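Trainee: This is what each chain is made of:
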Amino acid sequence: MKITGGQHLYYVLRANRLTAAAFAVAIFIFLVAIVGPFITPYDPLESNVASALQPPSALHWFGTDQIGRDVFSRVVVATRLDIFIALSAVALSFVIGASIGAMCGYLGGWIDRWISRMVDVLMAFPLFVLAMALVAALGNKVENVIYATMLINLPFYVRYARVEVNVQRTRGFVDAARVSGNGDARILFRFLLPNVLPGMMVQISLNMGWAILNAAGLSFIGLGIRPPAPEWGIMVAEGARFITTGQWWTVLFPSLALVATVLAFNLLGDGLRDIVDPKLRT
Amino acid sequence: MIGNGQRGALLFLVRRLSAALPVLLGVAIFTFVLMRVLPGDPAIFFASGPAAGEEEIRELRAKMGLDRSIPEQLWIYFKDLASGNLGMSLTTGRPVVADIAERLPASLELALFALVIALAIALPLGVAAALSPGSILDHAVRMICTAGVSLPTFVTGLILIYVFYYLLGVAPDPTGRLNIFLIAPPSRTGFLLVDTLIAGDFATFMAALHQLALPSATMSIYVLAPIARMTRASMLAVLSSDFVRTAVAMGLGRGTVIVVYAFRNAVIPVLTTVGVVFSSMLGANVLVEKVFSWPGVGSYALDALLGSDYAPVQGFVLLMAIIFVAVNFLIDTLYSLADPRVTVE
Chain P
1 MKITGGQHLY
11 YVLRANRLTA
21 AAFAVAIFIF
31 LVAIVGPFIT
41 PYDPLESNVA
51 SALQPPSALH
61 WFGTDQIGRD
71 VFSRVVVATR
81 LDIFIALSAV
91 ALSFVIGASI
101 GAMCGYLGGW
111 IDRWISRMVD
121 VLMAFPLFVL
131 AMALVAALGN
141 KVENVIYATM
151 LINLPFYVRY
161 ARVEVNVQRT
171 RGFVDAARVS
181 GNGDARILFR
191 FLLPNVLPGM
201 MVQISLNMGW
211 AILNAAGLSF
221 IGLGIRPPAP
231 EWGIMVAEGA
241 RFITTGQWWT
251 VLFPSLALVA
261 TVLAFNLLGD
271 GLRDIVDPKL
281 RT
Chain Y
1 MIGNGQRGAL
11 LFLVRRLSAA
21 LPVLLGVAIF
31 TFVLMRVLPG
41 DPAIFFASGP
51 AAGEEEIREL
61 RAKMGLDRSI
71 PEQLWIYFKD
81 LASGNLGMSL
91 TTGRPVVADI
101 AERLPASLEL
111 ALFALVIALA
121 IALPLGVAAA
131 LSPGSILDHA
141 VRMICTAGVS
151 LPTFVTGLIL
161 IYVFYYLLGV
171 APDPTGRLNI
181 FLIAPPSRTG
191 FLLVDTLIAG
201 DFATFMAALH
211 QLALPSATMS
221 IYVLAPIARM
231 TRASMLAVLS
241 SDFVRTAVAM
251 GLGRGTVIVV
261 YAFRNAVIPV
271 LTTVGVVFSS
281 MLGANVLVEK
291 VFSWPGVGSY
301 ALDALLGSDY
311 APVQGFVLLM
321 AIIFVAVNFL
331 IDTLYSLADP
341 RVTVE
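In order, the protein sequences belong to chains P and Y.
At position 121 of the first sequence the residue is numbered 121 (the working numbering), and the sequence of numbers has no breaks.
At position 236 of the second sequence the residue is numbered 236 (the working numbering), and the sequence of numbers has no breaks.
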């Protein structure tokens, strides 16, 4: 009997309940990111000063903010932006990092030395400080948050791919590929990279959570995404002014969305790692 | 005469230092490039207003060295760095070095206090979890670890403020290091907790501790998870090793085996984690200081950044990188003390 990919996934997830739950939540979040703007009860940007700072009610499930916008609608719509930033940043750093790292590991020599030096320099900065400075330097735009998040994630992928390729390039299948007439580029991208990717996939899920935290942190301090765009970090920052007077809902609901999303990706990443490589289980 | 061991140690230090220097050089070049890319012409920004004349702007540019070539500016930047000059903050009108020196103790006090609390909680938790793998405690620790890394510091901080300041009323107003009605002790170390004790002012010490409680708790929760996680993993690995089995078989007491045999060997990877964690605290400081209006370097850099005042930002980024490199240097050195087999490759 042939086992399909779907059946295998089902089998693995049934044996790991927590990972399955995290997987379900992650799927749900992606769905919300896709359909979010079409299902909200209110326009996320529409203000109504008459009903400002109302606590949660049947009319406004998550209450209203300081200028009367519906917090529920804003939390839902924000999902797309936050997921979009994290996904693009992680995808970019994965592709760029893996290529650079694999190249370094395969070629060695002065290219390898210089790039490793540059990675060392990048790693010498506290990552959030680096992201902050980068967004400030490149300009307060969404795409710059993506580039900054990409750059601070890059070292992990570069190092991982470099070490793995370095180890695997002396293995038999590489020699076999070479004697059958493949060039360096083809050996690297056709034979070596596919053997390095599975281990890196696990890192992607963990990095997703981390990238979301990073983007939300940047917008919390007023960098990157500008109000009135609905985004979790901005919503928490705006609500923070009212927490000392007890209006908790403007902070709590965007925070919950943020934490639930990050938690789901982290649990998923941990679960995947346990499945892929049980040795690393901590 | 230098003994063999001492010469080895000295050689080790020199090697480590020479490995750290290129990184520091790279860091300095990187911050320079970063600030050159920053948008807007600071001279126009800081001219008297939109009506400022060409003449005035040109004068400002010359004063700020912006009219020179890039390599020339880089050279000037290095010379300034060598003489400890990080430029002037255009908003406070003071040298950046003076501003940072005044505010750094506030940040360090917060970070170090939080780190000590986190270590005091995370190490026993990690060890306890490793001693009974699969138990309820173990699962609880794993859960705390995953939840801990998923909680953004600004969310933790705001929740703590809501609960302890608004609901329970036990925490003081979450702004700054000291209630404005209290007089700060004469500054000796800049660490309020230490200064108040030197001055023998116990009431102010308690007040400062009160102010410090929530922000440092926020930070501790943030760093607790990775430390506990690494302690648990490292202890688990060591506990299943041959020498621990031998120690148990030889009839050594449980306490001796756990503390002397297992923990001392398990602590090495934990040290590395502490270094990484400390670096991330330097970044998280910015967020925590904003939430609690803490007058540290993070909020200083942030205010400057939002006000397009770039010299303090440059100084801050450079300082954080230098502290990070220094901490790692220190940890590598501690590493070789804890485990004589470790050498520089």
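Read the hints as simulated data drawn from the structure, not as lab findings.
This one's a predicted model, so the numbers in the text were calculated from it and none came from an experiment.
Heads up, the beta-carbon is just placed ideally off N, CA and C, and yes, glycines get one too.
Hints are supplied without guarantee of correctness; some may be wrong.
What the hints assert, rightly or not - Residues of chain P clear of chain Y, computed beta-carbon distances all greater than 12 Å: (1) P37; (2) L45; (3) A52; (4) W61; (5) G68; (6) L127; (7) A137; (8) L218; (9) W232; (10) G239; (11) T261.
Unchecked claim - If the Cβ cut is set under 8 Å, some of the chain P residues that face chain Y in the computed set are: (12) P44; (13) N48; (14) Y160; (15) V163; (16) G217; (17) V262; (18) L263; (19) D270.
Trainee: List in ascending order the numbers of the hints, as given earlier, that are violated by the structure.
Mentor: Hint check: 6, 7, 8, 9, 10, 11, 12, 13, 14 and 15 fail, others pass.
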